[in-house]
Structures are given as C-alpha cells and as structure tokens.
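A.B. asks: Residues per chain, in single letters:
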Amino acid sequence: GEDVEQSLFLSVREGDSSVINCTYTDSSSTYLYWYKQEPGAGLQLLTYIFSNMDMKQDQRLTVLLNKKDKHLSLRIADTQTGDSAIYFCAEKLDNYGQNFVFGPGTRLSVLP
Amino acid sequence: DTEVTQTPKHLVMGMTNKKSLKCEQHMGHRAMYWYKQKAKKPPELMFVYSYEKLSINESVPSRFSPECPNSSLLNLHLHALQPEDSALYLCASSQDETGEGDTQYFGPGTRLTVL
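Protein sequence lines correspond, in order, to chains L and G. Residues in the first sequence are numbered from 1 upward in steps of one, following this note's numbering. Residues in the second sequence are numbered from 1001 upward in steps of one, following this note's numbering.
To be clear, the hints were calculated from the coordinates, so they are not data collected in a lab. Please note that the accuracy of each hint is not assured.
Under the rule of at most 20 angstroms between Cα atoms (straight-line distance), these lysine to aspartate or glutamate pairs were calculated in the EDC-like manner [said to hold, decoys possible]:
1. 36(L) x 1044(G)
2. 1040(G) x 5(L)
3. 1038(G) x 5(L)
4. 1053(G) x 1084(G)
5. 1009(G) x 1044(G)
Some chain G residues flagged as far from chain L (calculated, every beta-carbon gap over 12 angstroms) [unchecked claim]:
6. 1016
7. 1020
8. 1037
9. 1059
10. 1061
11. 1069
12. 1070
13. 1075
14. 1079
15. 1082
16. 1102
Remember, predicted model here, so these are calculated numbers, not experimental data. We treat Cβ as the ideally placed atom computed from N, Cα and C, and that holds for glycine.
For reference, chain G alone in the conformation it holds in the complex:
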C-alpha cells in the first residue's frame, strides 16, 4: 500500500475562517511533508516533520500552522488566509532513511480557494 490520503478534496473559505487540512499514511513512513502548488508551477516545500518533530519550516507565514499528532497523521491548520493562498496543497511522506532511496509518495491534494 503506497497510499497517502488527504481530506477534504476541495475547500472554500473566507479570510476570517479557521479550517484544517488532514493527511494520513499507513506505510510506516517517518517523514511527512506539506507542499503548496500554484497553477502551472512545481510544488513548493512548506514544512517537513521527521519522527513527529518539525524539522524544516520554509519561512511560511504564521497563518499556516502544521501539526503532527502521531506518525501517521499530519494536519495543516489555516487561519486568516489571504486570496493569494489559494492553491493545491499536497501532502507527502517518505521513509526518512539515509543511504537508501528515500522516495516521497504524494497524496491527491486539497484544492483550497480563499475568498
């Protein structure tokens, strides 16, 4: 099973709303990632969790707040977003093993629209 699931598939929110994106994997992977992808662009790394600890935060605004409750789950809490935050948000996971092919597996993404 190489599946990463994400919910919801689509989300429309106002600038004053609070919402959360969820990601789940059951491959025993110890690294989990959030990416933001704008149309016709490659994914941009936002956050990386390794062994449930935040290891990379690519200068993301504080209106995005990641959370890793356990090794299988990754959340992204959203608050006071701006219209320019509208994008496809992709979750990925990998084994986080050194010396081997540390391959990322991606979820289908959540299409976020901020009004």
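Just chain L, with the same shape it has in the complex:
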C-alpha cells in the first residue's frame, strides 16, 4: 500500500538553510508535492516535481528527488521566521484518478 513518511519536527536558526525530508513507498507516483500549512489555515501549494525530474528550483526553494531511494527533500534557503509552519509532502499515485496521499507533516520552527 501507499505510505508517505516525514520526520515530525525540525528547528533551525533564522538565516540558515532548512532541509525537510520525505520518503514514499509507491513507485507508481507520478507527481510529488510540498505544501505549507500555517496555524488555523488551509494548505498552500509550495512546489511540485514530476517523477522523471531530479531537481527543481524556485527562488529560495529547492526540491530534490531520488527516485531509486523514493526520497524527496525540500530545502529552504535563508530561512525566515515566516517560514515557521507545518510542511506536508504528498504524492499522486498514478496518472488517472485523483488519489493523493499526504505525509504526517514536519513542523518547522525557526529560532531568531
């Protein structure tokens, strides 16, 4: 069955880089996503990567995908206090239908 795992907590100092990791089990995943959720709010799409790509960069965000190890990471450069939130990794299992699976979320705390 499908399963997405993430470490639950990460603390970094303001200005440092944050790296949030995710592993997934289903090799039929076509797209992998990173979402950010601030307290009491909905999920904000940060970025996504197609499964045949290794890397995607978007301003301060860098996504790395190791398809062989089924490992996905999100690097946030120059982390700011406004980046404090829960970050969810999610996968879409195949090209048909709407089957999205979310990880448990990583709570990022940015210390001044």
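Got chain L sorted already, so can you dock chain G onto it with the hints?
C.D. replies: Chain G only, in chain L's frame:
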C-alpha cells in the same frame, strides 16, 4: 486566480442540527475534494467529485452528504454529527488532467465544532 473559498470559517453545531459547508472555485477546475483534518494530523480524503460526479467516497459515514451542484460549487451537508467529527474541513480543487501536473489548490477550511 488560484483561490478556493470556503464558508463559513467557523461553525459550532449541536448533534441534532443540520448545517452545510460550502466551497467555491472559479479556476475552471473539474475535480473537487473534501478533506477532514484533525489537529496535528495530515488531511484525510473524504470525497472526490470529477466532472460533477462522485468518483471517490472513502467510506465516510452517511451523516456527511456531499453535493456538487455545478462545476464551481461543492457542498458538504452535515446531519446528526458526533463530537469526534469536530475538525478542520478542507476543500480543494484540481484540473483533473492526466499526464500533467494535476495540482490541488486548497481553501482556508471551515473549523467545525460539534457540541
């Protein structure tokens, strides 16, 4: 415009009440979703509508009844809920295109409390 709106933002209801949650998007998306999210947990999929037809129902109790009146609107009708149904209810939409990045966009959620 990548906005999904949800009303109300907060809802408190008794176990005998009937209420509805509403969701709207104007991005031309053809898939719409309801998720339930408990505190400190990821969203759990409840229902998916594709082209206004119910395509996924994840064994949700019948006290939750979804409705998709048109391609822009999604409702969730609530009746005889239990206190354990208290949660954040999230609506999302996506293009429902195969072969492309079918990205979900989420609304801000409705915080539901059942007394």
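A.B. asks: Determine for every hint whether it applies to the structure shown.
C.D. replies: Status of each hint after checking the structure:
For the proposed pair residue 36(L) and residue 1044(G), the alpha carbon gap of about 16 angstroms is at most 20 angstroms, so the pair holds. Using a Cα cut-off of 20 angstroms, the hinted pair residue 1040(G) and residue 5(L) holds, with the two alpha carbons roughly 15 angstroms apart. Taking the CA atoms of residue 1038(G) and residue 5(L), the gap is about 18 angstroms. The hint holds against a cut of 20 angstroms. Taking the CA atoms of residue 1053(G) and residue 1084(G), the gap is about 28 angstroms. The hint is violated against a cut of 20 angstroms.
Our distance criterion of 20 angstroms between C-alpha atoms is met by residue 1009(G) and residue 1044(G), whose separation comes to about 19 angstroms. At the 12 angstroms boundary, the C-beta of residue 1016(G) stays outside the reach of chain L, the nearest C-beta of that chain being 27 angstroms off. The claim that residue 1020(G) lies off the interface holds: its Cβ sits roughly 19 angstroms from the closest Cβ of chain L, which is beyond the 12 angstroms cut-off. The Cβ of residue 1037(G) does not lie farther than 12 angstroms from every Cβ of chain L; its closest approach is about 9 angstroms, which violates its non-interface assignment.
Residue placement check: residue 1059(G) keeps its beta carbon more than 12 angstroms from all beta carbons of chain L (closest about 14 angstroms). Listed as a non-interface residue, residue 1061(G) keeps its Cβ farther than 12 angstroms from every Cβ of chain L; the least gap is roughly 21 angstroms. Here residue 1069(G) stays apart from chain L, with its beta-carbon at least about 19 angstroms from theirs, past the 12 angstroms limit. Chain L leaves residue 1070(G) outside its interface by the beta-carbon criterion, the shortest separation being 18 angstroms against a cut-off of 12 angstroms.
The non-interface label for residue 1075(G) is consistent with chain L: the shortest C-beta to C-beta separation is roughly 17 angstroms, beyond 12 angstroms. With a minimum CB-CB distance of about 24 angstroms to chain L, residue 1079(G) clears the 12 angstroms threshold, and the non-interface call stands. With a cut of 12 angstroms on Cβ distances, residue 1082(G) stays outside the contact zone with chain L, its closest approach being about 23 angstroms. Distance to chain L contradicts residue 1102(G) as a non-interface residue, since its nearest Cβ pair spans about 6 angstroms, not more than 12 angstroms.
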